[in-house]
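Numbering (numbering that gives the first Met the number 0), first residue to last: 0 to 268.
FYI, nobody ran anything at the bench for these hints, they're computed from the structure.
Honestly, I wouldn't trust all of these hints.
[Stated by the list, open to error] Below, a list of computed lysine-lysine pairs in the DSS-like style, where the Cα atoms sit at most 27 Å apart:
1) K11 - K201
2) K120 - K164
3) K164 - K201
4) K120 - K64
5) K201 - K162
The structure presented is a predicted model; accordingly, all values stated were derived computationally and were not measured.
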Amino acid sequence: MGIMDWFRGTAKGETPAQTTPETGEKSEKGAEIAGLNFKSAVDAHMKWKTRLESYIQGTSNEDLKVEVVCRDDQCPLGKWIYAKGGASFGYSETFFDMKAHHANFHRCAGDILASAQAGKKEEALRLLHHGDYVRASERVKMLLAKLFVLVSDGNAAIDSHMKWKARLHDVITGASKESLSLETISRDDQCTLGHWLNGVGKEHYGHLPEYAKVCSRHTHFHHHAGQVLALAQKGDTEAALDYLEEGEYARASLEVTEALVELFSMVKQ
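Can you make the complete structure from the sequences, with help from the hints?
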């Protein structure tokens, strides 16, 4: 299972607990955004259960303190949430949901540890395996994965849009054998950015006027991309290249980029 498939499944609660994604340098690097390796963060978060159970059973060498464990800003994930995480994703409802559930998780973990230190072993185990702790832990895991997918898909969509010029240029000059359909390229719902705008992007930003501007300009862009391809398919290479480099296509592409920058600047305020 690829790393993105794992995150998508986890975000939906569909990935079995024992399932692990492919590992390797590329996968590890791909899981890092804004100074946090999301896969490592999920793994470290889920290990809390084992750490607490070992403490309850008396097989742990850790000196866990209730006043530390109950706080949500002392673990590596919590420190990221209150620093780079908040600075990068403070605009996101998913981030704030994850932050709230993470705080609740640590309150529950603190209660479990307090019961264990009071000699209430059965109560501590019950709290660990049932109720609020379990629910909070799963929500943190799912929301971390959801945030990763949201950010990754947005970045991929923008990167994909920026590659259109090179793709069209190579098709026009014959450097590429890619078979582009005029019908498909003229539509705004068939590319990676179009999928994002109609899916995750709409879900999170659809209420914003800046989102509507991106959609409008993206539709306009694909109209002109279709015009470029139509000229190329007629064999008018010079006109196609001029349209691509200096004509309406170039302006339309720039307008999409500017609208995307405006959207993400707005949501980060």
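Consistency of the hints with the structure:
Between K11 and K201 the alpha-carbon distance is near 18 Å, which keeps this suggested pair within the 27 Å criterion. With a CA separation close to 64 Å, the supplied pair K120 and K164 exceeds the 27 Å bound. Proposed proximity of K164 and K201 is supported: the alpha carbons are some 25 Å apart, at most 27 Å. Distance check on the hinted pair: K120 and K64 sit about 16 Å apart at the alpha-carbon level, within 27 Å; holds.
A distance of roughly 22 Å separates the Cα atoms of K201 and K162; the hinted pair therefore holds under the 27 Å criterion.
The structure does not agree with numbered hint 2 stated previously, though it agrees with all others.
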